Amino acid sequence: MFWPATLIFIIAYAVIVSEKVHKTKVALFGAALMLILKILDQHEAFHSIELGVDWNVIFLLISMMIIINVMTKTGVFQYVAIKAAKLAKGEPFKIMAIFATITAIGSAFLDNVTTVLLLAPVTLLIAEQLEVDPVPYLITEALASNIGGTATLIGDPPNIMIASKAGLNFMDFIMHLTPAIIIIFIAWLIVWKFIFGKRLHVTDKNKEKVMAMNENELITNPALLKKSLTILILTIIGFMLHGIFHYEPATVALMGAATLLLVSGEHPHEILAEVEWPTIFFFIGLFIIIGGIVKVGLVELMSKEMIRITNPQPNNMLTLSMVMIWFSGIASAIVDNIPFVATMNPLLIDMIHQVYGLTSPATMEHIQHAAMMPVWWSLALGACLGGNGSPIGASANVIVVGLSEKAGHPISFMRFLKYGVAVTAMSLLLSTIYIYVRYYVLGI
Amino acid sequence: MRVSKLMQTNLVLASEEATFETLLGKIGLLAPRQIYVVKEGLKLVGIVTGYDLLKIVKPFYLDSKLARTIPESEMDGFLVKCIEKVKNVKAKDIMITDFVFLKPEDHTMEAEALIVERGLNALPVLNEDKRILGEISRREILTYFAKIYEKYSLDLFNKFELKNIQTEEHIQKCYEELQKEAKGGN
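One line per chain: the protein sequences are B and C, in this order.
Using this note's numbering, the letters of the first sequence correspond one by one to residues 1 to 444.
Using this note's numbering, the letters of the second sequence correspond one by one to residues 1001 to 1186.
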């Protein structure tokens, strides 16, 4: 069954990359083939932790989508954006920097695409009022969403997948990735200040137009806003404490989503209808395809190859960490980072088996071995930040390019690349320095 | 009753090259239900409704919530800017080309059914060469229905000038009149 499974995997990957057929259709069809050919049986696909669907990831995604769907109805993001633009007194670069910060923070806790979709209309309206080109603002928001999303366990799907596979908790991400992201974000904004600081000019009259905007009109349901914010904050606190109380992140998210559904007064049909089911089923299909190639030994072959190239030692995996950042970063700029991480996760688990000479399934002792941890962080940094490398590298980029075109400001592939490649290269370079200094020089 | 007997023939037409600016003027000042876009020989090629013009003026990103954040003092200026952006868009780029039409010999009932089925306001009437001859709308059909029902006289119903209804007494009187009218109808 080695070759049929390998063929299904390669063809599915190629078709997903080509974008000729919707990725959900491809993933589900590939999964169905894995099952019908008995490469994987149904019990393994639905119940095996090593080979099957990762329900922790699925329920975490669904729950966060429910919370986001209720939150978006409150108008709070757009309120904050206009308030911030007024606090910046209509200064164009300040607005850009504040919007980038709002997007990054929003994306760290919510879905990147939703954050961008909520902020883009306000951005376009403010750019209209200021009479400036909205394109740099929109590109900035897409880049900020990918950078911000890298900071937390729930910020970006690759992190959710890595956390689930490696048994990492919310605070692990806060302790290890958030500092890296803060450094990258500040460095990026400094560079941005040099590029856009002097380029953006607006008249005082146009600044006044922004100052005259009435953000209070956006909060139409203050009661829902209070409930949503309270539950979001409680859910985030729950994420912070889930490791201590031994709950899976999905349990915390499900509790938050269910409570919000209960108290919001919104009809569940409407909220659940807005869950991104194609994405959820894409994940389900993908997990089954990957389970198939793990079972037939393709992942083992790939991991042996990686061991040959990077020569990881039980107590030191420096080369692997460094290669992982750049390999993941470049790969994620070209292909969807979700299938990439879905492939890398079992590959790293298999590699742990081989490096530590295990004969039984790897335990957390080995998965979270001190030498292994920088590799997981390198994978997360590379896979999430690499999304900034091209207009198709991340969903937020695709959305921004589409919205900008619709608004009459098309962003060419090359224009996005000009900013995206530079920001990605800078982020990956800073990530490399961060991983090297923190884990291999300071050892903290 | 044949459609040709009922149709309105005083219509607003435009060529495919007419700009948004022209279409806005026509719809704003002549108040037609819709503008019929014709090519040579007055052959109908498309229809522009008020909705189509409103849709093209409104920036796609602006929903009703976000629109409320623009202060009243800035609103006209913002609108003018929106209009300026689309003023040169041609009728051929705005019009609906997938339209249904009637022939002069069709029956009014068919017109009524089409209007209800498609949720339309009005339908063009075309001859065999697709030349526009007239238009039949909900109003013409309803006026015709009211007429054939033969139970009404014009003095049965009143319109109300709401500007003059300001006091509680006026409001009460107006409502009593409506109740009386409803009872009379029974």
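No lab work stands behind these hints: they were computed from the structure.
Possibly wrong hints are sitting among the right ones.
[To be verified] List of simulated lysine-lysine pairs, DSSO-like, C-alpha gap at most 27 Å:
id : chain 1 : residue 1 : chain 2 : residue 2
1  : B       : K73       : C       : K1065
2  : B       : K226      : C       : K1065
3  : B       : K86       : C       : K1081
4  : B       : K207      : C       : K1058
5  : C       : K1151     : C       : K1163
6  : C       : K1130     : C       : K1103
7  : C       : K1065     : B       : K94
8  : B       : K89       : B       : K207
9  : C       : K1081     : B       : K89
10 : B       : K406      : C       : K1087
11 : C       : K1151     : C       : K1005
12 : B       : K406      : B       : K227
13 : B       : K94       : C       : K1081
14 : C       : K1087     : C       : K1065
15 : B       : K406      : C       : K1055
16 : B       : K86       : C       : K1151
17 : C       : K1180     : B       : K89
18 : B       : K207      : C       : K1065
A quick note: this is a predicted structure, and the numbers were derived from the prediction, not measured.
These are the hints, each one checked on the structure:
no.	hint	result
1	B:K73 to C:K1065	11 Å, holds
2	B:K226 to C:K1065	19 Å, holds
3	B:K86 to C:K1081	22 Å, holds
4	B:K207 to C:K1058	22 Å, holds
5	C:K1151 to C:K1163	31 Å, violated
6	C:K1130 to C:K1103	9 Å, holds
7	C:K1065 to B:K94	25 Å, holds
8	B:K89 to B:K207	7 Å, holds
9	C:K1081 to B:K89	23 Å, holds
10	B:K406 to C:K1087	17 Å, holds
11	C:K1151 to C:K1005	22 Å, holds
12	B:K406 to B:K227	34 Å, violated
13	B:K94 to C:K1081	25 Å, holds
14	C:K1087 to C:K1065	25 Å, holds
15	B:K406 to C:K1055	13 Å, holds
16	B:K86 to C:K1151	63 Å, violated
17	C:K1180 to B:K89	60 Å, violated
18	B:K207 to C:K1065	21 Å, holds
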